[in-house]
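Enquirer: For reference, the chains in residue letters:
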Amino acid sequence: MSSHSPAIDIQGLTKDYPVGFWRKRMRRSLDNLSLQVQEGEIFGFLGPNGAGKTTTLKLLMGLIFPTRGTASILGRPIDDVAMHREIGYLPEQPYFYDYLTARELLDYYARFSRYSTADRRTRVARVLERVGLTASADVQLRKYSKGMLQRAGIAQAIIHDPRVIFLDEPMSGLDPIGRREVRDIILDLKMQGRTVFFSTHILSDAEMLCDRVAVLHLGKLRGVGAPSTIVSMDEQGMEILFEPGEGRSLSASLAQRATPVGGRYRLDVREAELYSALDQLRDCNARILSVAPLRPTLEDYFMRLVERQPEQPTAPVEASTR
Amino acid sequence: MMAIPVLFALLFVLQTRIDARAQAEAQAQEELMLRSPAAIEKMSLGYNSLLADVYWTRAVQYYGERFATPHATFGLLWPLLDISTTLDPKLLPAYHFGAIFLSQSGNSGADRPDLAVKLVKRGIAANPKRWGLYADLAFLYYWHFQDYKDAAAAYLAGSKVADGPAWMPIMAARMEQKGGSIDTSRLVWSQIYESSANEKIRKMALDTLKGLKAEEDEADLNNLADQYRQRFGRFPSSFAEMRDAGLLRGIPVDPEGYPYVLGADGKTSLDPHSPVVIPEVPKTPPPLPKD
Amino acid sequence: MSTMSGVVAVNTFREAVRDRVLYNLVFFALLMIGAAILVGQISIGIDRLVIVNLGLSAISIFGLVMAIFIGVGLVYKEMEKRTLYSLLAKPIRRWEFLVGKYAGLVLTLAINTAFMTIGLAAALFYVGRPFVRSDASILVAVYFILLALALVTAIALFFSCFSSPMLSTLFTLGIYVAGIFAGDIRNFGALTKNPMMKGVTSAIYYLVPNFHNFNSIAAAAHGEPIPFALIWQNTLYALLYIVLLLVASSAVFSQRNLK
Numbered sequence: 001m002s003s004h005s006p007a008i009d010i011q012g013l014t015k016d017y018p019v020g021f022w023r024k025r026m027r028r029s030l031d032n033l034s035l036q037v038q039e040g041e042i043f044g045f046l047g048p049n050g051a052g053k054t055t056t057l058k059l060l061m062g063l064i065f066p067t068r069g070t071a072s073i074l075g076r077p078i079d080d081v082a083m084h085r086e087i088g089y090l091p092e093q094p095y096f097y098d099y100l101t102a103r104e105l106l107d108y109y110a111r112f113s114r115y116s117t118a119d120r121r122t123r124v125a126r127v128l129e130r131v132g133l134t135a136s137a138d139v140q141l142r143k144y145s146k147g148m149l150q151r152a153g154i155a156q157a158i159i160h161d162p163r164v165i166f167l168d169e170p171m172s173g174l175d176p177i178g179r180r181e182v183r184d185i186i187l188d189l190k191m192q193g194r195t196v197f198f199s200t201h202i203l204s205d206a207e208m209l210c211d212r213v214a215v216l217h218l219g220k221l222r223g224v225g226a227p228s229t230i231v232s233m234d235e236q237g238m239e240i241l242f243e244p245g246e247g248r249s250l251s252a253s254l255a256q257r258a259t260p261v262g263g264r265y266r267l268d269v270r271e272a273e274l275y276s277a278l279d280q281l282r283d284c285n286a287r288i289l290s291v292a293p294l295r296p297t298l299e300d301y302f303m304r305l306v307e308r309q310p311e312q313p314t315a316p317v318e319a320s321t322r
Numbered sequence: 323m324m325a326i327p328v329l330f331a332l333l334f335v336l337q338t339r340i341d342a343r344a345q346a347e348a349q350a351q352e353e354l355m356l357r358s359p360a361a362i363e364k365m366s367l368g369y370n371s372l373l374a375d376v377y378w379t380r381a382v383q384y385y386g387e388r389f390a391t392p393h394a395t396f397g398l399l400w401p402l403l404d405i406s407t408t409l410d411p412k413l414l415p416a417y418h419f420g421a422i423f424l425s426q427s428g429n430s431g432a433d434r435p436d437l438a439v440k441l442v443k444r445g446i447a448a449n450p451k452r453w454g455l456y457a458d459l460a461f462l463y464y465w466h467f468q469d470y471k472d473a474a475a476a477y478l479a480g481s482k483v484a485d486g487p488a489w490m491p492i493m494a495a496r497m498e499q500k501g502g503s504i505d506t507s508r509l510v511w512s513q514i515y516e517s518s519a520n521e522k523i524r525k526m527a528l529d530t531l532k533g534l535k536a537e538e539d540e541a542d543l544n545n546l547a548d549q550y551r552q553r554f555g556r557f558p559s560s561f562a563e564m565r566d567a568g569l570l571r572g573i574p575v576d577p578e579g580y581p582y583v584l585g586a587d588g589k590t591s592l593d594p595h596s597p598v599v600i601p602e603v604p605k606t607p608p609p610l611p612k613d
Numbered sequence: 614m615s616t617m618s619g620v621v622a623v624n625t626f627r628e629a630v631r632d633r634v635l636y637n638l639v640f641f642a643l644l645m646i647g648a649a650i651l652v653g654q655i656s657i658g659i660d661r662l663v664i665v666n667l668g669l670s671a672i673s674i675f676g677l678v679m680a681i682f683i684g685v686g687l688v689y690k691e692m693e694k695r696t697l698y699s700l701l702a703k704p705i706r707r708w709e710f711l712v713g714k715y716a717g718l719v720l721t722l723a724i725n726t727a728f729m730t731i732g733l734a735a736a737l738f739y740v741g742r743p744f745v746r747s748d749a750s751i752l753v754a755v756y757f758i759l760l761a762l763a764l765v766t767a768i769a770l771f772f773s774c775f776s777s778p779m780l781s782t783l784f785t786l787g788i789y790v791a792g793i794f795a796g797d798i799r800n801f802g803a804l805t806k807n808p809m810m811k812g813v814t815s816a817i818y819y820l821v822p823n824f825h826n827f828n829s830i831a832a833a834a835h836g837e838p839i840p841f842a843l844i845w846q847n848t849l850y851a852l853l854y855i856v857l858l859l860v861a862s863s864a865v866f867s868q869r870n871l872k
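Chains as they are written, first to last, in the working numbering: chain A, 1 to 322; chain B, 323 to 613; chain C, 614 to 872.
I should point out that these hints are in silico values taken from the structure, not numbers from a laboratory. A couple of the hints might just be wrong.
Unchecked claim - Below, simulated DSS-like cross-link-like pairs (lysine-lysine); rule was C-alpha separation at most 27 Å, straight line:
#1 B:532 with B:522
#2 A:146 with C:811
#3 B:482 with B:443
#4 A:190 with C:872
#5 A:143 with C:811
#6 B:522 with B:589
#7 B:440 with B:500
#8 A:220 with C:872
#9 B:451 with B:522
#10 B:364 with B:482
#11 C:872 with C:694
#12 B:535 with B:525
#13 B:535 with B:522
#14 A:143 with C:690
#15 C:806 with A:146
#16 B:451 with B:471
#17 B:500 with B:525
#18 B:500 with B:535
#19 B:532 with B:482
#20 B:364 with C:690
#21 B:471 with B:482
#22 B:589 with B:535
#23 B:500 with B:532
#24 B:412 with B:482
#25 B:440 with B:471
#26 B:364 with B:471
#27 C:872 with A:24
#28 A:143 with C:694
#29 B:451 with B:440
#30 B:364 with C:811
Said to hold, decoys possible - Stretch by stretch, here's where chain B covers chain C in the computed footprint (C-beta under 8 Å, at least three residues):
#31 744 to 756
#32 821 to 831
For glycine and all other residues, C-beta sits at the position ideal for the given N, C-alpha and C.
The whole structure should be built from the sequences, with the hints applied where relevant.
Expert: Right, here's the structure in full:
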């Protein structure tokens, strides 16, 4: 682990919005968030809609101002505009100047970093290639599909080779191929030693990509840690996949719990019941296709977290980092 | 899709009907919605110069429509000129136009020489270096008010202006000496004819000059008729007799070419068909406008 | 363009061009052509006067419309459409962004005005007036119009930082009209013997930008020279007021939470 300051250091960040007709009441959309992300990490920021993810990102980018708390990126406070040279940002539902083409847009944004004209041109071409927009580079953005806009957004976030990249819902609007490409880009960035901080709903992506994740709910941090450690809190079970045969039928209790999955059946049992279940299946002449441990997903953890009553918040769970 | 041009055609026809009816009414009432020059100036939001041109153009058209039509009245001429010159005090043509046509009577003017003086004085206040305005003021004093003193003063003031023409001090002197004579009047109107760029004004000056010539001719011919009577004991019965007597060289015609008519009392008058009109000078001049 | 503001300014200009704003030049050209052709026929003895009056007034009005309608959207549109999000994540300060947007619109107005002035010159040429030295006052009048437009743009920009386009348009227009009548407002206050009214109207006079200073259309139309003192006074006045407005805009915008 490097001994540098964290790439992202958030301390007690809080954001209140005035609501109501007279703007007297306050709604707390982010409550005392404290978090650190090390350089070189891919960090996932998870939570349902309204959890405060976009609020956090907007605070970090200086688009809105905190009610309390501080944050720094690469050791410099978030109001240091010069620090923006080292960061890239993809906003949620990006909207760009629709009268520009992708190439013009990237060229425009690249001008805020000081490149020579030739250098800039090369970078633009390179990043267009990277996100797969070379063919439509000279079409006006107003004619772009959502997926293409998303790619243009990623392009402008990385064109200046920033050290830390912030992505708000980078996969949204993309088809599976597009999502795969974005995943590859993110992994690529990590290989280059960059830090990626992204928020998402798609938990399987978070599981696959992230070194660590944080879960936000109703403005509060609920859990931080590597995906595996977060989900390892729960009891494991086993999943049996089988095809029915002719013979004695399963016991009623087991038969109830078997779910048909396209011609086959799936049966989840506790570890303790495994062998008795297998015996029963053998008696039915069922054909066992697979037996695998059932790992609860981030999704399960997530759904359980969200279903919990808001009045009974759990203490944020701090799992150790890898 | 065909409906669109058809509808436009209908609108066009309808509008021409509306306009025709409005035309007839407009002649009867004279409409000028806003009369206050100060209000209009405020509303012009700084574009008063352009608006002045608009009102000035309107004034000219207004006059042109009514000129020489029977029973013409020019009630709106003053307000239009008032507005134009308030919006642009340097609109010189308007002062000149007003000087002539506000003061003219009959069906060629508004018959308000007092307003004309007011207008021209305003023009002089805003444009003190324009000799033409002084000349116009002098003309008004001379012709419409028979006020030779003020006329002379105006000519003198105009002569002091940088590019004032040489005849102005001469005219000033004439006013003092021979104010009221036909000669002087002819000089005044000649100056107007020569120095005006406005076609209508030049025509009016020319007509007046012809009228003045006819007036002079009549006086001369009356004189000759008296001489004839003194010689022959009776008035001549025709110009031919006067010619035979050596008093005339030929049969006299007026400036438009119509022969004069010799009356039984020896007085010459114009042929009734002649377009020449001897300008009338009011027996009692109107009161001078108060400042 | 190496400054952040410069980059934004050039892009703002590009946006105006792509939005076909410059097409208003076509209408202006048609207007001047029509005027040049008609003026000889309907007005009497005042060809030059009408063309210059019409041309300068049109330059002023077209410019005003452009300055207000584009100006009130300069910041508002970017906040609404959220194009500002990715932009402010770049190393550009908020005030640099404001100055850039402002400069871009003023640049657009300047180029637009330049083309219109050429059109005006062409119309004058057509009606047969050779150019004389006194025509320099036309150029000065155009310069004053441009100063006024720059000032109006700054006002519109200020409102754009926190108010919707419709309200901003009303406010900006209101201030412009008040600025034209500023002298009258003060005179009116002086006429009422009420000291409070006098104080209030005097305050209005000095607070509101006095746009009547910048109106030399009549002088240019009559070919009168415009005193040099007025030229540098107006320039200084406009500059000071514009800087004031940009500073105020910056103060408002720097505190603003983007939604």
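Enquirer: Indicate, hint by hint, whether the structure satisfies it.
Expert: Going through the hints against the structure:
1. The hinted pair formed by residue 532 (chain B) and residue 522 (chain B) meets the criterion: a straight-line CA distance of about 15 Å does not exceed 27 Å.
2. Of the supplied pair hints, the one linking residue 146 (chain A) and residue 811 (chain C) is violated, its CA atoms being roughly 60 Å apart against a limit of 27 Å.
3. Annotation: proposed proximity of residue 482 (chain B) to residue 443 (chain B) holds, straight-line Cα distance about 17 Å (limit 27 Å).
4. A distance of roughly 31 Å separates the Cα atoms of residue 190 (chain A) and residue 872 (chain C); the hinted pair therefore is violated under the 27 Å criterion.
5. The straight-line distance between the Cα atoms of residue 143 (chain A) and residue 811 (chain C) is roughly 59 Å, outside the 27 Å bound, and the hint therefore fails.
6. Taken as a hint, the residue 522 (chain B) and residue 589 (chain B) pair is broken in the structure, with Cα atoms around 33 Å apart against an allowance of 27 Å.
7. A threshold of 27 Å between alpha carbons decides the hint, and for residue 440 (chain B) with residue 500 (chain B) the separation of about 26 Å falls inside it, so the pair holds.
8. Simply put, residue 220 (chain A) and residue 872 (chain C) have alpha-carbon atoms about 20 Å apart, close enough for the 27 Å limit, and the pair holds.
9. A threshold of 27 Å between alpha carbons decides the hint, and for residue 451 (chain B) with residue 522 (chain B) the separation of about 25 Å falls inside it, so the pair holds.
10. About 36 Å separates the Cα atoms of residue 364 (chain B) and residue 482 (chain B), which puts this hinted pair outside 27 Å; it is violated.
11. Of the supplied pair hints, the one linking residue 872 (chain C) and residue 694 (chain C) holds, its CA atoms being roughly 10 Å apart against a limit of 27 Å.
12. Only pairs whose Cα atoms come within 27 Å are accepted, and residue 535 (chain B) paired with residue 525 (chain B) is accepted, the gap being roughly 15 Å.
13. Straight-line distance between C-alpha atoms of residue 535 (chain B) and residue 522 (chain B) comes to about 20 Å, which keeps the hinted pair within the 27 Å bound.
14. Annotation: proposed proximity of residue 143 (chain A) to residue 690 (chain C) holds, straight-line Cα distance about 20 Å (limit 27 Å).
15. Restraint check: the Cα-Cα separation between residue 806 (chain C) and residue 146 (chain A) comes to about 67 Å, which exceeds 27 Å; the hinted pair is violated.
16. Annotation: proposed proximity of residue 451 (chain B) to residue 471 (chain B) holds, straight-line Cα distance about 22 Å (limit 27 Å).
17. Restraint check for residue 500 (chain B) and residue 525 (chain B): satisfied, since their Cα atoms lie roughly 26 Å apart, inside the 27 Å limit.
18. For the proposed pair residue 500 (chain B) and residue 535 (chain B), the alpha carbon gap of about 17 Å is at most 27 Å, so the pair holds.
19. Distance check on the hinted pair: residue 532 (chain B) and residue 482 (chain B) sit about 31 Å apart at the alpha-carbon level, beyond 27 Å; violated.
20. A C-alpha spacing of about 34 Å is found between residue 364 (chain B) and residue 690 (chain C), which places the hinted pair above 27 Å, so the restraint is violated.
21. At roughly 17 Å between alpha-carbon atoms, residue 471 (chain B) and residue 482 (chain B) fall within 27 Å of each other, so this suggested pair holds.
22. Proposed proximity of residue 589 (chain B) and residue 535 (chain B) is supported: the alpha carbons are some 16 Å apart, at most 27 Å.
23. Note on residue 500 (chain B) and residue 532 (chain B): the hinted pairing holds, with a Cα-Cα distance of about 20 Å set against a maximum of 27 Å.
24. For the suggested pair residue 412 (chain B) and residue 482 (chain B), the alpha carbons sit about 20 Å apart, so the restraint of at most 27 Å is met.
25. Restraint check for residue 440 (chain B) and residue 471 (chain B): the C-alpha separation of about 18 Å stays at or below 27 Å, so the hint holds.
26. Under the criterion of a C-alpha separation no larger than 27 Å, the hint pairing residue 364 (chain B) with residue 471 (chain B) is inconsistent with the structure, at around 39 Å.
27. A hinted pair counts as satisfied when its Cα atoms are at most 27 Å apart, and residue 872 (chain C) with residue 24 (chain A) qualifies at roughly 18 Å.
28. Between residue 143 (chain A) and residue 694 (chain C) the CA atoms are separated by roughly 16 Å; this keeps the pair inside 27 Å, and the hint holds.
29. For the hint pairing residue 451 (chain B) with residue 440 (chain B), the CA-to-CA distance comes to about 18 Å; that is within 27 Å, so the pair holds.
30. Taking the CA atoms of residue 364 (chain B) and residue 811 (chain C), the gap is near 21 Å; set against the 27 Å cutoff, the hint holds.
31. Only residues whose beta carbon comes within less than 8 Å of a beta carbon in chain B count, and the segment 744 to 756 of chain C has 0; fewer than three means the coverage is violated.
32. Closer than 8 Å: that is the beta-carbon criterion, and the segment 821 to 831 of chain C has 5 residues meeting it against chain B, so the requirement of 3 holds.
When held up to the earlier numbered hints, the structure conflicts with 2, 4, 5, 6, 10, 15, 19, 20, 26 and 31 and fits the remainder.
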